[in-house]
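Q: Using the sequences and the hints given, assemble the complete structure.
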Amino acid sequence: MANSILENSQKLSSQLPENIPYVKLLVLFGSRATGKNHDGSDWDFAVLYDEKIERKQNREKSERYLEVLDYLSEVLKINRDAIDLVELDRCSPLIGYQVARDGKLIYESHVGEFLKFRVRAWKVYADTAKFRKTQKESIHLWLKKWGLQ
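Per full-length UniProt numbering, the sequence shown runs over residues 1 to 149.
Please note that a few of the clues may not be correct.
What the hints assert, rightly or not - If you anchor each label on the Cβ, the simulated ranges turn out as follows:
(1) Glu18 - His38: 29 to 39 Å
(2) Ser92 - Asp70: 16 to 26 Å
(3) Asp127 - Asn19: 32 to 42 Å
(4) Glu137 - Glu74: 41 to 51 Å
Keep in mind that the hints were calculated from the coordinates and are not lab data.
Just so it is clear, CB atoms sit at the ideal spot from N, CA and C, and this is done for glycine as well.
A: Right under this line is the structure:
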């Protein structure tokens with residue numbers, strides 16, 4: 001099935017600009033991208049929008065999410081309930097990093113868009129490392145205090 005997704009990425013790439021022109025970037029990530037999936041694995045996609053085009057079309061944020069979700073389900077013949085869609089302009093640094101590290105590019109509106117995202121995601125992830133470390137230490141102390149570790 002993963003091969004059919006990658007084969008259908010050609011279809012997606014050619015049809016996406018006319019069907020959903022405000023999509024700037026579409027990436028498959030997670031277990032399906034790394035090959036560590038099993039029969040019950042969901043499909044993780046990440047999307048980045050072109051805000052200028054989106055504003056011209058007067059789209060609501062919830063509307064764009066559902067439109068992309070429905071489009072993926074229809075074109076790729078995947079049950080909508082089996083698709084997780086992450087909006088890259090609103091995700092955590094950890095998710096952004098995972099998409100940048102393991103993601104398989106499905107579509108980019110301009111050559112180099114995915115590379116720009118990856119550089120940005122790696123920078124944000126590195127810049128927030130100290131916060132993740134502090135949070136981990138805080139959780140460890142809390143668990144120790146309550147005798148759970």
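Q: Now, for every hint given, state plainly whether the structure supports it.
A: Evaluation of the provided hints:
1. Look at Glu18 against His38: about 35 Å separates their beta carbons, and that is inside 29 to 39 Å.
2. In this structure, Ser92 and Asp70 meet the distance hint of 16 to 26 Å, their C-beta atoms being roughly 25 Å apart.
3. Evaluation of the 32 to 42 Å hint for Asp127 and Asn19 yields a pass: the beta carbon distance comes to about 36 Å.
4. Roughly 46 Å separates the CB atoms of Glu137 and Glu74, a value that falls within the hinted 41 to 51 Å.
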